[in-house]
Amino acid sequence: MIHSLFLINHSGDIFLEKHWKSVIGRSVCDYFFEAKEKAVQPENVPPVLQTPHHYLISVYRDKLFFLSVVQTEVPPLFVIEFLHRVADTVQDYFGECSEGVIKDNVVTVYELLEEMLDNGFPLATESNVLKEMIRPPTILRSVVNTLTGGSNVGDTLPTGQLSSIPWRRAGVKYTNNEAYFDVIEEIDAILDKSGTTVFAEIQGVIEACVRLTGMPDLTLSFMNPRLLDDMSFHPCVRFKRWESERILSFIPPDGNFTLMTYHVSSQNVVALPVYVKQNISFLETGSCGRLDITIGPKQTMGKTVEGLTVTVHMPKTVLSANLTATQGNYTYNLATKVLVWDIGKLNPQKLPNLRGSLSLQAGAPRPEENPALDITLKIQQLAISGLKVSRLDMYGEKYKPFKGVKYLTKAGKFQVRT
Amino acid sequence: MTDSKYFTTTKKGEIFELKAELNSDKKEKKKEAVKKVIASMTVGKDVSALFPDVVNCMQTDNLELKKLVYLYLMNYAKSQPDMAIMAVNTFVKDCEDPNPLIRALAVRTMGCIRVDKITEYLCEPLRKCLKDEDPYVRKTAAVCVAKLHDINAQLVEDQGFLDTLKDLISDSNPMVVANAVAALSEIAESHPNSNLLDLNPQTINKLLTALNECTEWGQIFILDCLANYTPRDDRESQSICERVTPRLSHANSAVVLSAVKVLMKFMEMLPKDLDYYGTLLKKLAPPLVTLLSAEPELQYVALRNINLIVQRRPEILKHEMKVFFVKYNDPIYVKLEKLDIMIRLASQANIAQVLAELKEYATEVDVDFVRKAVRAIGRCAIKVEQSAERCVSTLLDLIQTKVNYVVQEAIVVIKDIFRKYPNKYESVIATLCENLDSLDEPEARAAMIWIVGEYAERIDNADELLESFLEGFHDESTQVQLQLLTAIVKLFLKKPTETQELVQQVLSLATQDSDNPDLRDRGYIYWRLLSTDPLICHIGTLASVYHKPPSAFVEGSRGVQHKRLPGSSQDTGSAAGVTEAPPAVIPSQGDLLGDLLNLDLTPPTTTGPPPPSSGMQMGAMDLLGGGLDSLVGFLHKISAAMPASFNAPVSGGLDDLFDLGGGVGLPMGAYTPPKTIWLPAMKAKGLEISGTFVRRAGVIQMEMTLTNKAMSVMTDFAIQFNRNSFGLAPAGPLQVLTPLSPNQSIEVALPLSTVGPVMKMEPLNNLQVAVKNNIDVFYFSCQYPISMLFVEDGKMERQVFLATWKDIPNDNESQFQIKDCHLNSDAASNKLQGSNIFTIAKRTVEGQDMLYQSMKLTNSIWVLAELRVQAGNPNYTVSTHEF
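Chains as they are written, first to last, in the UniProt record's numbering: chain A, 1 to 418; chain B, 1 to 883.
These are computed hints drawn from the structure, not numbers from a lab.
One thing to keep in mind: the hints can contain errors.
Okay, derived cross-link-like pairs now, DSBU-like style, lysine-lysine, Cα gap no bigger than 35 Å in a straight line [what the hints assert, rightly or not]:
| hint | chain 1 | residue 1 | chain 2 | residue 2 |
| --- | --- | --- | --- | --- |
| 1 | B | Lys402 | A | Lys413 |
| 2 | B | Lys282 | A | Lys193 |
| 3 | A | Lys388 | B | Lys282 |
| 4 | B | Lys166 | A | Lys21 |
| 5 | B | Lys27 | B | Lys117 |
| 6 | A | Lys413 | B | Lys327 |
| 7 | A | Lys193 | A | Lys350 |
| 8 | B | Lys19 | B | Lys29 |
| 9 | B | Lys322 | B | Lys272 |
| 10 | B | Lys93 | A | Lys131 |
| 11 | A | Lys193 | A | Lys298 |
| 12 | B | Lys29 | A | Lys131 |
| 13 | B | Lys322 | A | Lys316 |
Isolated chain B (complex conformation) (with noise of 0.2 Å):
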């Protein structure tokens, strides 16, 4: 005879029958006629009517019948307060009972009953259980405050009864106390700013000697609760680690991570040089490791706590990434947050087999979790950069198996990889091309859309790709809408002749039809800034030819020069008589549209890099450039060329030129500036330059470092310079006979003359140079030293100098100061003559030695100069004409 019988009772004179039984005179019978009403009542029958008829039944030896007897009062008492009332004498009695088990019943049960009326009647009974001889009943009464306080917290506070649970925590008991503690946890959590839980070492000494006694549901409680206690000092939170630690091999796995928590959050305050440190995070692993082999469930919660503390903690699980692996019958939510932790374990060490391991994921069932699997290489690349290479190899083998999600998963990921790494994976841009008409999640059309725009100039193509999605313009989603956009805008920027009819289409798509605030915002600047002609004034030069604003192609007119002279814009600021130009608070026209094609408007993603932002680099180079056709911005050149010479800082940059070791006195080489990068790898498709200039027996060169940092061979080498200040042109072809390999270099030394056409620069000594290869053809702009140019015979007479320097009108002269030059006047005057700055004569008036030098440009214009050097002082002063 089972009790599945009650469930099958479903006629209507059910209650009836039920009241009739109840009321029998035959224990048994009752017995079993409340075991019906239960079952029903599990079952979520309404047995309510029967409550008087139940109730009724309660006084009985029967401890079985007694016990479902409160089952249904617990039930039911809410929905009949008055009936409840009823039993409460039954309730007080039981609680003087001599029986424990049967007091403690009683007082759990009276908790349970969730009526007002009931909790008055409570109280007395309640404060005689706290304080009972038996700890079983302590302990059923502290769980029994917390239910009273549920109810009605005010009268728990009013009757003093959170005082007594306070002092239970130090009961002899550790069952009480782990009780006493929940009580006291679930109450705290109600008054967030209570302060009941106040621990001191003394109640934590109480805590931790219960803790190994108690059962485990009570260890978790001390657990958490210890959690919450701030030690005074590392000495005590070694001492609580070391107690707490014996928890990490309990069976249950709640222990273990409540065992866990404290231990993290208590190792936080020892010092990491302790022994017991580097003990402490060994013994955290094995228990950790454990947990993933309890049930899923389990597993899941343990992933998500070892997701967080790897993010705190790498170094505990460093070693373990194999019990992350993914078991393809494992539940889709463990196996997604193995993978997470798997990418937050990734490192140069073991990124092959993460990667041999998520490439097998990708062939799974699941498509959730190979989509993430996927995901999850292309965060490896951005993570572990010594491993992009691998990664974009592994994408390319998943494109290749042709899974349409796994190839649009693949695609997002690369565009990410892309931007991260620039000019170095483009060689795979042919294989997602091809790959094009099956993408069709927005996502995936948005990034390969991006990939289209960002290298047009790679792509034959690429009008013809981008054209084909501007067919569905409208009904695309507002991502690949805003993508598309810009990218022809892009595409038009690099190919303007054959897509002007492209970008008017898209324009005003985007303007004109679309409803799309955003789309339609992005549509009219671009506009704008297209409409506006930037170019007209460049008429003649080689912007003319290439159709765009100088700015736009030539990359190192920003930043490189900007990089080469460091010392120059110090040197403004020194220089007498030389006013700062105020830095351009807003870039010209044709930078504006630069900076705002390179910056990637679609919403960004948490794995890109920031988008760069070169506008703020031009301040410093106005400094220079600003007021170039006064003289003195001139002059100023000259010293700014020569910046070691007279400026060196107080170290460092003064013996490369002066060296006082062993160069006093003998005429030295000219100097020759450091090489610096005038075109970077990013810039130019992997290929780098680097470079300065020499000026070796009369004879100017070009000395740069060509760089092959792509991953195919470059041939073909050609250079050309613009016109420029004083005619610099390549005297010879540039000499690369070799092909370049992948990472090679090679120095190449190009002889220049000044003979070539002339046009002023800004600044003067600024030179535009385009060289081109078997790739490409790539501009960039650096700066020569003005030095370069003083020829060997610039030594002046001294009768013409005397004469020539007193006929220059004063309006020639300028004057500034040069600082912190420990060198005395004969040193200097040998350091220059190296330089072609020539002393004529010397004298020496009130302490102070004054140096009349000439110098003589390549293109016949002597400058003369006064330097003053006054002994002790380091301060030059330097006057000079020009004519």
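Next up, chain A with everything else stripped away, as it sits in the complex (with noise of 0.2 Å):
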């Protein structure tokens, strides 16, 4: 299993160690580093590496690499996510992950990497389990503390821990009840030059903020649950009821969660809510380009498509670039040689435009690669796959709590090749 963790920093410095077994030497990441110099770009280090002795399985998250260490068979998929847990853990109690916060936090990150692992088995990764034995800092506690000399560790059984619903803790209270779920669509899209949708799908995810009082037993129904083509479920959701019945049924953990995430893929028709024109072209002579982008709707059912974005990584021998927008505006970064048409909300009856020219470096010849385009949008009250929940209801408690459910579509990765 997972023998050991090192936390290295965007430059290459290891600023965290923990070893869940015997101590490996930090020279094991020597092989990393070596790999990192090859990849060139964080981004592209291979996440699974062999060494002599030992296998390097790591994740990048948040500019920081989370490298663990593993010496014999151990199925890699079971690394990686629980070292992605490991960051969400650390964004979960801190509110980011970052170098700083957790150079800031090390006891509690170390005391915290105790709890997640034993002997390289992880022991609690839940993040109510782990909070009722290690209780995230707070301003107001920190203070207590130092003044008190109290304690941050829990020293009772987490109760969760053991109980066959170890995602939900024992004796929650609340005064106001509620319950939102927010259910968030993103598209995956893939356009071609003429605009033709080459790949297109839905990844949509549900998210819940549930502050209920006891234990709750909650069911939620949708109006047309057979849009849905894969779902994956929060562990606490009945698999046999939405088998059945087409009904997600479960107790809830207490505090955010992802109920589930789900997917609408590309056998369905998914509806794209924006259409791109767009030509760029260089010239074979004059080191000069010209530019030309046009965004209109599609089929947004009638919502307004807000925080429109266009995302352009030129090729390195474009200089700079003399473009006008109708609406927006625009920057050219020199050094990352990405242009950015911040555009914000769509309106259908004048359509922004992008034009102009692009001047390349003297002499450099025309550029082989295309570029192309990011887009990203918003449409707020709309789930693009159509996806709608019918009814919540709550079972086991006696009070009326407050219940919400909001939509929202995202252009996730939404590229148009030119």
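The task is to assemble the complex, starting from two chains supplied on their own in separate frames and drawing on the hints.
See the structure below:
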């Protein structure tokens, strides 16, 4: 199982190490640094590396490498999932996952790591359980602790640890009982030069924020559950019930959690909210090029498209861009060669357009690659797949909770090829 | 106040200060000090000197302080074993604590102190904890057994902990079961032969129950353990599959993949016609697709596994091609894996889509990825034959981009396509040659040289091109040198007159100036082959004109003939009085040369087709050609030329000639063998010729079907024969009036005369033919049935026959048997008359019909035969006389 963990920052310094079995010297990371050097971009470091005596499995999150050392045959997905869970936990505890925040809370992080793994076997990874054993720092608590000598380590057995619902702690109490669900859909799409859809699918997620007293048992049903192709559920969801009735039935964890993720695949027709007309060309001679991009609404179901931006990764030889935007403004970053056009709201009556010329390095050959466009957008109160929650019921408790469902559509990896 | 302050203290007196703080009376100060110590430890500073002071803090009610001290202990106990003993008492005491959290913590920490002396004290508390009433303690203790085993395996076995652990698989708490399975799996890994996880249906049932209730990580352990089980029958397989399937919807991708593993394995045991089998296959695709929307690292592992799954069961994901399309900001390791899977899934149905994508990728920024994409196009061409043409044109488009590394990769894969589909796409060679100068990678250079050598006759300045490479011969890599040597020798064989100097030059470079033994050896082999002159024995033949041994250009003399007379070798075996000539073991010089040159001696690539091995086909020919000087052989040929009439196998062929249904008693037309391919398109730049010979109304005709399988129009056909045994020659020009467009066929009948120049051939009925069109001259050889040459006035007078029969010395007689011929003598006689074999007399002796027959060849040689037919015996005996 997982033998050791090294946290490594962007520039390649190891700033935390934790060993769950015997100590493995830092020199093992040299193999990783070698690969990192070779990959140039940190995103391109292969996640599984082999060294003469160990395997190095790493993830890259928030500009940090979480590098684990493994000595025996282990399912690599298990290790990678766990490493992401470590990052999630740090994020959950301290609000962000960065070198600074980990250094600021190094002992807590170390205690957390100790609780999360035992001899390389995961012990407690549920945020609810961990928070009972090691309390997340709050300003108030650290002040109180300093004054009273109190501790932020719980001295009771975490109740969730042993019950058959390890995700929920017992004795939850709220004065305002509320349950909110956000249906968030991301469109992943590739459009080709002519605007035809090469590939499109929807990744959906239902994020929940449940603050309910006691042991509530919830059911959530959809108007059109058949839309969903593949679902992954939080362990709290009773799978049998879903299989037979297409109803989500569960005792929720306390606080924020991901109830389910789903997938509406390319088999179904995916509606795209916008279309993009673009032309980026470079002249054979004269070191210049032209750019012309127009965006218009397609299937927005009557809602407004907001937060529209277009990002273009220009070829290295593009020196500057002299463009005019009919709406919003654009910036061209000379160092990263990234052109960002921030449009904002899409007005169907007056389509936003960006056009003008690009100037290239003098004497440079015509760029070989075609820059691709990245689109981001947001549509409030719409799940583009058409998924709708029909009702939410609560059993097991007597009070009336406040309920709410929000929908949001976003662009995920929405790319236009040129 | 944050912990980052612990990182800043670097001054010299640090350890001393910490020591003082650790021994402080104030609880809070103590704790702060321990925290500082831990922080220093985590960043890799050596704080082992503080060991006794830290251990002193262990006896405390404060759980946090206790945990911190434990953390310290685990790290440093190994380096301070003697002092670690000081901690043992506290551990043993804690293992009795009423709070299960403390008990569990103690047993957990003790296992992490990897000191032999401590492990002895650990045994008793561990035994208690394994049987603890609280499942949390039991599950912690289960893991502790694995820890202890890692330190001292013998101790664990001696103390019987393994058995206790096995018992825990049946524990009532699913978390305990999961941890017991995890611990046992880890221990089993260091004892590959042990029977630790001895699974039986009862334990499997327990595991499946626990699977539904334990944590995600526990599910992974249990699923991986289940995968090692072999179900007794398909019903058990199915029931396990049914209970594992819900795990496919888990949010944890490792659980999903472990479930896929179990299902893939147990599916093997299910009968394919089961409904459930199909249902299960359908359920596997969506979770695999969903794995691809996770973080890139997870995607990578998922893709590696999908690659394996697709190899075994491509049907699962065959409709999901699009999810493997590459996004430009995917990490490179994800891109490369996706590409590989795309090729595995490529089929005729989706190839257009795949090619469009690959072409798109070939214009990306990342050089490695672009190269892989170009290679992938080549792999598609080789995998999906129907797409080859499209792939070639895509590659040509890419070559036009003139991006250096794209051009080089494209040329390497085009070489592979040429090898797989010879003589189909040479029209692109000109484009390739334009890019000759830009090639700087050995692989691309070698590929280009191979193409020039292989198609030297199509490239006007092949010699100049190869010569240009020769200038820097010694600076080239071995790969290029070897290829250049072979290519120039090929060129020499195709254009011997102009390239003599070049071949001399390359041979001496390879043999005399090179240190590389491979190169030298290959050079010597070529040199020897080229210096033996096999042509001297062919003076006066076509070979002398073309300066090649006949076998090097008359390709049909090996393969075609062999194909045309499938029955002849059987014939030989059954014919009485004919001894088989031993098959030639060593091919003649000329063949060896030809074969060596056909063999591609470059290191084999996985995509290339195997080199041709035509040498072996010769054996069969030699059976017939061996003893042709003797009369026996000649007469045998007669029977071989009429295979179906005498030697039909039990069914099929018999009807062809003997046609029992309607033909008895009526003279029939001569037997016409079916058309066979004489000249395959591969050997004639797309021109395919198949044909046969017929005798109609006394005129011998060569009937041919010309098919254009190349991509351009063919015109200006002409034909010529080499001298042959019976003086066969075209009686007029070849009548192909309209140009032959691609994929078109035309039927041509060429009347033959028998007044041409004569030369005895081996075998006797061999005919060497040259066909010319606007593209080139092609050579092939075919064999005509001797029966074509039997003239209509071959019926001898009875008396003359009798006299002649007696006159011919017995030396000139040969006998053989024809087996399995179920005709009576009259029917046979009628049948044979159709082929101008005339029955002169018939007599019946002791139940045997004796038919006396005569036939006359175009060159006025008479052949007399006696055919003995015994009623009820399907075997005929033929005795033939010739004069």
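Here's how the hints hold up against the structure:
no. : hint                : verdict
1   : B/Lys402 / A/Lys413 : holds, 31 Å
2   : B/Lys282 / A/Lys193 : holds, 34 Å
3   : A/Lys388 / B/Lys282 : holds, 26 Å
4   : B/Lys166 / A/Lys21  : holds, 23 Å
5   : B/Lys27 / B/Lys117  : holds, 31 Å
6   : A/Lys413 / B/Lys327 : holds, 8 Å
7   : A/Lys193 / A/Lys350 : holds, 23 Å
8   : B/Lys19 / B/Lys29   : holds, 11 Å
9   : B/Lys322 / B/Lys272 : holds, 27 Å
10  : B/Lys93 / A/Lys131  : holds, 27 Å
11  : A/Lys193 / A/Lys298 : holds, 17 Å
12  : B/Lys29 / A/Lys131  : holds, 25 Å
13  : B/Lys322 / A/Lys316 : holds, 30 Å
Going down the numbered hints, you'll see the structure goes against none, and every one checks out.
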